[in-house]
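*Asks:* Each residue of the sequence shown is one higher than the one before, starting from 264 at the first, in the working numbering.
A couple of the hints might just be wrong.
Said to hold, decoys possible - Okay, derived cross-link-like pairs now, PhoX-like style, lysine-lysine, Cα gap no bigger than 20 angstroms in a straight line:
# : residue 1 : residue 2
1 : K496      : K509
2 : K509      : K491
3 : K352      : K288
4 : K303      : K352
5 : K352      : K491
6 : K303      : K288
Quick caveat, the hints were computed from the structure, so don't treat them as lab data.
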Amino acid sequence: MRAKGWSNPATTDAVFRLLQRGLPKAAGAGALGIDWSGLKVADVGTGRGHFSHRLGEMMAAEGLTPAEHIFACDLIPESFEYDAIACHKTGADGRLPFDDACFDAVISVEVIEHVEDQFAFLRELVRIAKPGALIIVTTPNTHHMGARVRTLTWGFPHLYDPLPHGVHDPRLCGGHIHPISPYFLAYTALRSGITDIEFHGDRRKTSASIWAVLLGPFQLLGRAFAAKRIVNKAPELAQENDAWMKALNGWTLLTSRTVVLSGKRPA
264 MRAKGWSNPA TTDAVFRLLQ RGLPKAAGAG ALGIDWSGLK VADVGTGRGH FSHRLGEMMA
324 AEGLTPAEHI FACDLIPESF EYDAIACHKT GADGRLPFDD ACFDAVISVE VIEHVEDQFA
384 FLRELVRIAK PGALIIVTTP NTHHMGARVR TLTWGFPHLY DPLPHGVHDP RLCGGHIHPI
444 SPYFLAYTAL RSGITDIEFH GDRRKTSASI WAVLLGPFQL LGRAFAAKRI VNKAPELAQE
504 NDAWMKALNG WTLLTSRTVV LSGKRPA
């Protein structure tokens, strides 16, 4: 059965590029050019299985057995639509159904915005990752210029809207309950034990690019005043945040539909 997940294909492609960069290279072609010998990947919060399905198809085309390398889990495993692998049930308390330090890569695509305790969620990703393992988390970008304009005019950033009040568990209503900006995603990841944090995007939104050009002078002016204030008030704070602030004000995060954060569990 073909998985019909909500994930944008461009987001999955961005994750694939990071896997290609971070996992061992294959001598031959291989699925994504990766040597999958002994490697295990966790697809956390898989939903209908879009990511697992695309990666599994690539593996199967190379003669690999997807179930030996891809391990999916979700709060509602009955929604999973990819028959080649099993989907394990996530605990009601958020605990993932996997042992400590057992995965070479831990992937979570468009999940953290559905999670109540985002610190606990990221700590679970770190727990199941092997030392030195790659961790990738994606979420809708509330920081791009189109999302900022939508927040100004409507009160909600891109891909966020009012939620129904009558649903007992808001995580199950299909809505995004916990928006998180790129900066606070990185901060939460850092506090949860993830290192080597980098920001990436998936595809640039035309509307965000237009707004970034139109509002660029105002954005630059506001950024300059804010940066000067922080430098004068807390120079050490400004210095340790410098790389993240440059990324936040770069073209990728100002225009990308999705934030793709990569990092590692410390070796």
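*Asks:* Does each hint hold? Answer for all of them.
*Replies:* Quick rundown of the hints versus the structure:
1. Using a Cα cut-off of 20 angstroms, the hinted pair K496 and K509 holds, with the two alpha carbons roughly 19 angstroms apart.
2. A distance of roughly 14 angstroms separates the Cα atoms of K509 and K491; the hinted pair therefore holds under the 20 angstroms criterion.
3. Restraint check for K352 and K288: not satisfied, since their Cα atoms lie roughly 32 angstroms apart, outside the 20 angstroms limit.
4. Pair hint K303 plus K352 holds up; C-alpha atoms about 18 angstroms apart against a cutoff of 20 angstroms.
5. Annotation: proposed proximity of K352 to K491 is violated, straight-line Cα distance about 49 angstroms (limit 20 angstroms).
6. Restraint check: the Cα-Cα separation between K303 and K288 comes to about 15 angstroms, which is no more than 20 angstroms; the hinted pair holds.
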